[in-house]
Amino acid sequence: MLRFTLRRILQIIPTVVVVALLIFVIFSVVPGTFAASLFADGRRAADPQMIARLNEEFGLNKPLMERFATYVTDLAQFDLGTSFRTRQPVIDLINDRMWASLQLAVAAMVFALVVSVPLGFVAALRPGSVLDTVTMIGAVSGLSMPQFWLGLLMMYLFALQLNWLPSFGYGDGSFRNLILPAVTLGVTPLALLARTTRAGVLDVLNADFIRTAHSKGMSEAKVVRWHVARNALVLIVTTVGLQFGSLIGQAVVIEKLFAWPGIGSLLVDSVASRDIPVVQGTILVIVLWFLVINTAVDLIYAAIDPRIKQE
Amino acid sequence: MLKRLTLAAMLSLGVAAGALAAGERHGGTLVFTAPYGSSFATLDVQSSPNTQEEFITQAIHRALYSWDSNRNKPVLELATSEEVSEDGMVHTYHLRKNAVFHNGKPLTADDIIYSYKRIANPENAFPGASFIAVIKGAEDYIAGKADEISGLKKIDDHTLEITYTGTINPGFPLMQNTTVIYPSNVEDESTFGKTPVGLGAFVFKEHVPGSQVVVEKFGKYYEEGKPYLDRINIVLMAEDAARDVAFRNREIDVSILGPTQYQAYQGEEGLKGHLLEVAEVYTRNIGFNPAFEPLKDKRVRQAINHAINSPLIIERLVKNKAYPASGWLPISSPAFDKDKAPYAYDPEKAKALLAEAGYADGFEFEVTASPNESWGVPIVEAILPMLKKVGITVKPKPVESSTLGEAVTTNNFQAFIWSNLSGPDPLNALRCYYSKTPQSACNYTSYANPDFDKLYEAAKQERDPAKQNDLLRQANNLVQDDAPVWFFNYNKAVMAYQPWVHGLVPNATELAVQPYDEIWIDETAPASRH
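Residue numbers (our numbering), protein chains in the order written: chain A, -11 to 299; chain B, 411 to 940.
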């Protein structure tokens, strides 16, 4: 198990390196510069001297290879650079936003899990029932609904019509402010998890060992608890892991819509203003987050099903 | 007619009297929106040219001058009076004696000298350096050739002499958010970015990056009896639709409206009575590149202006949230020529002009455009059939907004559509058509007309504002005749506000930026604001 764990952790390093290089190359070729973005809205006239001063300060007038060398050297020392917009270390900006992103991701996942797994189970145990049909229609709708639109619907219903919750913002960090964005973000993993759970449970229910258990006279409740739940768990854990890993990336739209101060909205702002060090740093952190969770899932998976280690 | 006028005057007096009788009220919280997209980049506003940061600036900081929205001109802010020398170059400022920074330091001439040097410091590369460049010796300082800005001279703690490079109105450059005054006694300048200290009516309290900035009433603010509010939450609300829900839900007190919302709000009881409109100082236009052969010909550019039915686009697409443009200088500019008619929609005349220029069979050109709904790809799509009618084929070239500026300043376009600052200072606005202004600055259409240059240079020397405006009016009319751009519209900015909010002003420079120290809320505000 130790070797397996080490191997999986070491695999993260080349992935991060490749991603870092890709991000550098992509943002070196896309048109638009930080200095140009300062007057992009036409609210002030361009100032060539300021543009020259900024390009010099940020080293943007240096050849690509030289910038690349600086980037790699800094990265090797875990230095994500300095933001063009704020002139603060990128790591500080990410730290400022990480807690809000984590809150949102965890709340969305908890909401998704609490609702989806029981629903998926019940739907699978009663295939073809009204509940099953309704759950699956709901799941497909949840998967196909654009998050932006869903968020607006949530705001409209729970804030404007029912007046139960605030429609936007972080407030003073209260739970009430978290509910709407978390539920909106949680709908996609909820739908996916409900479908996965149902499929996983149905799969197990049709397996030979379940028939054997039944024929030995084991009660329905015991079969579900001892055999179905445990075997379906492998699939659920994998899906949860993958979904949780990608939640921070998915939160970009939600964070912008609800004025939620996470790294998703930081990324959007930084792309728009071509604040390349922050874009690179934020994407790297999101990728790293995904890889770490993925690795953790693999390890849990291996613990549940020892055959995985052999593969 | 006279009766009607008298009645109108009496009614407006009645309204004014009513407003006075109502009386300002102290206390409460205002939830103000910062509606322009991104998060606050930094709280060190001297370093940031973003409009978003102006919302913080207005609360926390003060500059030597400020914009008076009611008089539509810059006025002294940190000085109680100024004396101007015979030649108009040397201004002596008598600074307020009761102005105190939030850290307790009283304002002195040293703070202004310190701030202007910080802004112009070549190592900082701050955007306000170009505004400070109007001070004598600043160019050398910015270039690193001098240790001091020679035009800045402290007479005593409360008297400052500034020598300018010309007979300009220093109010325009020195009222900017990037030229505000910081205290000179803070040892670590990096703290300005996280815990700003200013002279404004409100003290910085909290910043939740990506969400909001909270400020609280400053007890030692120099304007007696102000501010009225105890607290302001300046919240980031980038999405129109989200802002709409929050405004209707009474969670925010003001909202800037886009064309669709403007139309909707006008038709709804309870909303239509609380809209504030102003002709802002931006001109939406399609700039033509004279390096592209057909657009070199003035007749072709005039033909395009005649071929497009601007009022129709403004009515249908922009939902009347704009004023048709009759030239470069907008309605709120002191040099606006109200007698100058816009180009008439006349396709036949357009065809005749094209034929005269040798393009009877038309031609094709490309318009670089961002996705902006009011001055981007949707507008280019609307003009396609109109220009097709006179034989011109237009191809939109969609780009992201930060790419647009780069394409234009590097001469990488045939035509572009943009919304550009065209006021409030007409001299500065028309600088963008002066032949000596490079394309990479703001002469995006590489405009060059010796007659214009003469008028502009004369206006630059003129000290009488009326005469100066007259010269600039003539220069503006030359630009209109030469049509280096398609004159589309002047932005009509619209703000919706809750009925309990008072003291908002029609700020033509940027409606969303409001003088917070003038704003107060009445007792009808919901409990969350008390």
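Source of the hints: derived by calculation from the structure; they are not laboratory data.
Where is the CB? At the ideal position from N, CA and C, for every residue including glycine.
Just to be clear, a hint being listed does not mean it is correct.
Said to hold, decoys possible - Okay, the calculated bits of chain A under chain B, using three or more residues with CB under 8 Å as the criterion:
id, region
1, 33 to 45
2, 176 to 188
Said to hold, decoys possible - In silico DMTMM-like pairs for lysine to aspartate or glutamate, Cα to Cα no more than 25 Å straight-line:
id, chain 1, residue 1, chain 2, residue 2
3, B, K615, A, E45
4, B, K615, A, D67
5, B, K604, A, E45
6, B, K706, B, E774
7, B, K555, A, D160
8, B, K604, A, D191
9, B, K604, A, D160
As the list claims (entries may be wrong) - To give a feel for the contact side, a few chain B residues facing chain A, derived at Cβ under 10 Å:
id, residue
10, S621
11, V645
12, A652
13, V804
Verification of the hints:
no.: 1; hint: 33 to 45; in the structure: holds (count 11)
no.: 2; hint: 176 to 188; in the structure: violated (count 0)
no.: 3; hint: B:K615 with A:E45; in the structure: violated, 31 Å
no.: 4; hint: B:K615 with A:D67; in the structure: violated, 30 Å
no.: 5; hint: B:K604 with A:E45; in the structure: holds, 21 Å
no.: 6; hint: B:K706 with B:E774; in the structure: holds, 14 Å
no.: 7; hint: B:K555 with A:D160; in the structure: violated, 49 Å
no.: 8; hint: B:K604 with A:D191; in the structure: violated, 56 Å
no.: 9; hint: B:K604 with A:D160; in the structure: holds, 18 Å
no.: 10; hint: S621; in the structure: holds, 4 Å
no.: 11; hint: V645; in the structure: holds, 6 Å
no.: 12; hint: A652; in the structure: holds, 5 Å
no.: 13; hint: V804; in the structure: violated, 20 Å
Hints 2, 3, 4, 7, 8, 13 from the list above are not met by this structure, while the remaining hints are.
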